[in-house]
Amino acid sequence: MTVVGEILMLIGGIFLFLGSLGLVRMPDVYNRLQTGTKASTLGAMSIGLSAIFLLPGAAGKAVLLVVFIVLANPIASNTIGRSAYLSGIKLSEKSVSDAWGVQASGEAGMVEGAAADATITGAAPEATDNKGA
Amino acid sequence: MITISLILIGLSAVLTVFRLIKGPSLFDRLVASDTLSVIGMAFLLVLAEIVQTTSYMDVALVYGIVGFLGTVTIARFFMRVSK
Numbered sequence: 001m002t003v004v005g006e007i008l009m010l011i012g013g014i015f016l017f018l019g020s021l022g023l024v025r026m027p028d029v030y031n032r033l034q035t036g037t038k039a040s041t042l043g044a045m046s047i048g049l050s051a052i053f054l055l056p057g058a059a060g061k062a063v064l065l066v067v068f069i070v071l072a073n074p075i076a077s078n079t080i081g082r083s084a085y086l087s088g089i090k091l092s093e094k095s096v097s098d099a100w101g102v103q104a105s106g107e108a109g110m111v112e113g114a115a116a117d118a119t120i121t122g123a124a125p126e127a128t129d130n131k132g133a
Numbered sequence: 001m002i003t004i005s006l007i008l009i010g011l012s013a014v015l016t017v018f019r020l021i022k023g024p025s026l027f028d029r030l031v032a033s034d035t036l037s038v039i040g041m042a043f044l045l046v047l048a049e050i051v052q053t054t055s056y057m058d059v060a061l062v063y064g065i066v067g068f069l070g071t072v073t074i075a076r077f078f079m080r081v082s083k
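Chains as they are written, first to last, in the numbering used here: chain A, 1 to 133; chain B, 1 to 83.
Same shape as in the complex, but just chain B (with noise of 0.2 Å):
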């Protein structure tokens, strides 16, 4: 079950970053980073779980703040006010 996931979390990457690459305009790319992001960490939890260290939930933590922290900067500093 757990390759299985593995499996899924890799299919999901690679469909973000198609994503990513191909998307018209600049919040669908910052959409696509930040589930991203959150797939990334998704992949620290299952990599601490199947070699039981506890150190990798520590550095996923940290991703999904920093990813946060950049999705908002990001989506506020391209706000453009239309009219």
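If we strip away everything but chain A, and leave its shape as in the complex, we get (with noise of 0.2 Å):
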């Protein structure tokens, strides 16, 4: 058990290194966004299940912790690349595509209005291939 517990740490321990090297070598905000949040939340996570293994009498805390990352960091991922693009922060030009954009640009810029539409619907990836197709 101590094995298994010691292991999930040295994952973690690589997944937040991982996740670091790529926030300080990405080019764009958003991209840094994906690197900073998906590995970091991959690597406290298993640090937090490592937690289960190697101090057995709080296995609960460490569940509620798991949990508690799994729920929030998405959230605040979202949430700043959502207010990044509103501001108008500019894609990297190493980018292929805009999904937001393509929808929103329609009428004139990026209306507030047609860029909610997109984020309730959540329609934005079909509406890029109907226009490349």
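Treat the hints with care, since some could be wrong.
To spell it out: a stretch of chain B is covered by chain A in this simulated footprint if at least three of its residues, at any positions, have a beta carbon under 8 Å from a beta carbon of chain A; those stretches are [unchecked claim]:
id	segment
1	21-31
2	36-47
3	59-68
Note that these hints are calculated values from the structure, not bench results.
Since this is a predicted model, take the numbers as computed values, not measurements.
Ideal Cβ positions, reconstructed from N, Cα and C, are used throughout, including at glycine.
Combine both chains into one complex, guided by the hints.
Following this line, the structure appears as structure tokens:
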């Protein structure tokens, strides 16, 4: 059991390090958001799971922490990305698609109503496919 | 293995602080700050497993909640709709 916990902790450390490396090397806010929250979520989740094996008296607290990380981190990253896009932060020049911009550019510029509709219906990728075909 | 994990966590904190200092826009710094709170949470968990004290897990939970609420609040506050 101890070996399983230590391996999980090592996996967590590796993923946290890779997430921070991507945070330094990526060219764009959105790419940095991708690495900085997804890989960090996996790393912190793995370290929280290792606490179940290495500290069995507090397994309930560890499960609570893992559930909190899984629920809270995507919400935070979604909020950061949404407000960065609505604030007009440009995408990197190497980006190949901008589904929200394609959806919202039927009218002039980024209108907040159209952007909110694109968020609610969640139909942005299909719209991109139709426009490309 | 715990030592290697601690070294990796320290290196990732250094890289994240680099992005927190250098980041061109506010949202880069916000992403770095959010990642730093997750890294601090993971460090507190590793510390709890090293010294076999479960109180550090409560500290990690509260730290995570405060970091999450701060990130969401700052992101909503600085949202400026252009045009």
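Structure-inconsistent hints, enumerated in ascending order: none
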